[in-house]
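Residue numbers (our numbering), protein chains in the order written: chain A, 5 to 258; chain B, 80 to 369.
You may find that some hints are simply not true.
[As the list claims (entries may be wrong)] Here's a subset of chain B near chain A, in silico, CB distances under 7 Å, partners left out: (1) 84; (2) 194; (3) 228; (4) 229; (5) 232; (6) 234; (7) 239; (8) 242; (9) 245; (10) 246; (11) 248; (12) 249; (13) 252; (14) 256; (15) 278.
Just so you know, these hints were derived from the structure itself, not from any lab. Quick reminder that beta carbons are idealized off the backbone N, C-alpha and C, glycines included.
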Amino acid sequence: MGVILDVRNVTVRFGGVVALDNVSFSVNSGEFLCLIGPNGAGKTTMLRAVTGVIKPQSAQVLLAGKDISKLPTHKRARLGLALTHQIVRPFRSMTTIDNVALTAGHRRIARILTAMVAMDRSAERNRARKYLELVGIDEVAQKSVVGQPLGVTKRLEVARALALEPKVLLLDEPLAGLNSVEAARLSDTIADINREGLTVVMIEHNLGEVLRIGQRLVVLDNGRKIADGPPAEVMRNPTVRAAYVGKERQNAAA
Amino acid sequence: MGIYEISLATVVGINIILALGLNMISGFCGQISLGHAAFYGVGAYTSALLAKAGAPLPLAIAAGMISAGIVGLIVGLASLRVRHDFLAITTMGVGFLFLGIVRQQEFLGGELGISAIPSSGFGKIGYLVIVLILAGFVTAFSLWIKRSWMGFAFDAVADDEDTARVVTVDVNAYKLAAFAMGTSMAGIAGGLYTFFARFLMPDDFGFITSITVLSMVVVGGIGSVFGVIAATIILTLMPEFFRFISDYKLLVYGALLFAVMRFAPEGLAGLARSSLAHMRFKTRTKDEVA
Chain A
5 MGVILDVRNV TVRFGGVVAL DNVSFSVNSG EFLCLIGPNG AGKTTMLRAV
55 TGVIKPQSAQ VLLAGKDISK LPTHKRARLG LALTHQIVRP FRSMTTIDNV
105 ALTAGHRRIA RILTAMVAMD RSAERNRARK YLELVGIDEV AQKSVVGQPL
155 GVTKRLEVAR ALALEPKVLL LDEPLAGLNS VEAARLSDTI ADINREGLTV
205 VMIEHNLGEV LRIGQRLVVL DNGRKIADGP PAEVMRNPTV RAAYVGKERQ
255 NAAA
Chain B
80 MGIYEISLAT VVGINIILAL GLNMISGFCG QISLGHAAFY GVGAYTSALL
130 AKAGAPLPLA IAAGMISAGI VGLIVGLASL RVRHDFLAIT TMGVGFLFLG
180 IVRQQEFLGG ELGISAIPSS GFGKIGYLVI VLILAGFVTA FSLWIKRSWM
230 GFAFDAVADD EDTARVVTVD VNAYKLAAFA MGTSMAGIAG GLYTFFARFL
280 MPDDFGFITS ITVLSMVVVG GIGSVFGVIA ATIILTLMPE FFRFISDYKL
330 LVYGALLFAV MRFAPEGLAG LARSSLAHMR FKTRTKDEVA
């Protein structure tokens with residue numbers, strides 16, 4: 005089990021605010037890693053820096069041994085990084101299934117000249133339907149995404165990312181906004197996909213689900229990594245407990 | 080058909096090509112442009128200079144298309160970093176820049192324009208047929224692009240370009256392709272206009288023309304090929320049938336633009352779709368009652 009995603013020395017500043025301060029972590033092939041931490045810890049910023057959506061002040065990102073730090077977002081995605089958004093961003097002019105069919109056909113749109121002469125979408129729509137079934141929203145396949153409830157669009161984000169057939173799936177709070185039944189079902193689905201070999205990095209506040217399906221935790225607080233290890237061990241760490249429950253309650257308990 | 084009707088039909092055909100070009104950029108790919116007339120002008124002036132130098136019509140029009148496409152590609156490259164209202168202002172600036180340059184150049188005729196452009200040599204009817212064939216070709220090409228995977232990727236760029244990047248779409252390449260194709264169409268329209276009017280004035284390619292073309296695209300329904308064609312026909316003929324409109328063209332088109340964006344953002348195509356759906360709904364409920 006080698007390292008598939010190696011993230012080194014990420015520093016991100018927004019104006020005078022340091023969002024990430026020299027953070028490094030690595031993900032092993034086939035692993036299920038959860039990225040946790042309080043609000044504003046820099047988790048989303050980290051995934052955006054890894055995918056190149058934002059430009060970090062410094063960072064080195066290696067995917068399967070290849071340095072992708074200088075590549076634009078779409079090339080990193082082609083090499084196998086798929087990202088879902090915490091605040092859903094479906095393509096609003098498309099139906100649910102076409103949102104997924106587009107990414108299922110990512111090879112067809114890689115070159116503009118071949119995209120220009122390719123017409124048939126049926127093979128991609130068939131594959132898209134499988135992903136919609138996988139996350140359980142195939143009943144709204146032909147419907148416009150506009151007006152769909154958050155429970156549907158959150159799962160659509162995951163289906164759209166899976167259709168890219170990535171090497172590493174980066175999920176930004178996929179369970180937020182789902183009810184407990186939907187959340188448990190989606191996290192089971194993600195865990196199943198992971199068991200079939202896909203490497204997953206997931207940001208999640210739902211600690212119950214994190215502890216249930218995560219294999220390793222990386223904890224960020226205030227732009228710094230404060231812990232990295234197996235869930236049980238990390239949750240015993242006093243620094244983590246302090247960051248999570250707050251120092252006052254920790255003191256009050258003591 | 081009298082000469083008047085023939086020339087009206089020719090203008091309609093030229094405007095369809097012009098408007099479908101802007102529809103490629105703004106409708107399909109979602110990139111607003113307020114300077115489309117500049118590319119129309121680049122095509123027209125290129126064709127005019129070549130025609131006066133003795134080049135045959137196909138060569139002159141092809142050169143107009145290519146030169147407009149190249150300028151479009153350059154403007155597209157320069158515009159990659161700006162979006163939305165900034166892109167609107169940048170492209171508007173390109174329109175004024177074009178006029179500013181043309182007005183000062185002796186060899187482009189300056190304020191007086193270019194006159195005595197040779198005739199197409201096909202007669203009025205023959206030329207109309209050529210224009211309509213090219214308009215048909217541009218229509219077919221637009222429909223093809225819309226249905227292709229390129230059109231699919233354009234939809235993604237128009238909807239949300241940051242997300243498009245995350246799902247592997249090379250947004251810059253697609254934007255440049257849209258600019259190159261759309262401005263090439265404007266170049267064809269410009270070349271056709273040259274042989275139709277046989278006299279070019281800088282003001283033919285000014286801001287009013289850009290706004291007129293934008294009105295055709297928006298009123299027709301951004302992205303809808305047939306909606307844009309319908310709006311182009313209506314908006315080209317309207318000032319002819321109601322003379323007073325041509326005196327207040329900018330006012331009328333401005334008001335139309337505002338009204339459509341405010342009350343029917345999907346334009347004629349959207350209105351047609353919703354009334355069709357409404358009719359279906361009515362017949363269905365009638366059936367259910369019966």
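Structure-based check of all given hints:
{"no.": "1", "hint": "84", "result": "violated, 37 Å"}
{"no.": "2", "hint": "194", "result": "violated, 40 Å"}
{"no.": "3", "hint": "228", "result": "holds, 4 Å"}
{"no.": "4", "hint": "229", "result": "holds, 4 Å"}
{"no.": "5", "hint": "232", "result": "holds, 4 Å"}
{"no.": "6", "hint": "234", "result": "holds, 5 Å"}
{"no.": "7", "hint": "239", "result": "holds, 6 Å"}
{"no.": "8", "hint": "242", "result": "holds, 5 Å"}
{"no.": "9", "hint": "245", "result": "holds, 5 Å"}
{"no.": "10", "hint": "246", "result": "holds, 5 Å"}
{"no.": "11", "hint": "248", "result": "holds, 6 Å"}
{"no.": "12", "hint": "249", "result": "holds, 5 Å"}
{"no.": "13", "hint": "252", "result": "holds, 5 Å"}
{"no.": "14", "hint": "256", "result": "holds, 5 Å"}
{"no.": "15", "hint": "278", "result": "violated, 37 Å"}
Hint violations for this structure: numbers 1, 2 and 15, all remaining hints satisfied.
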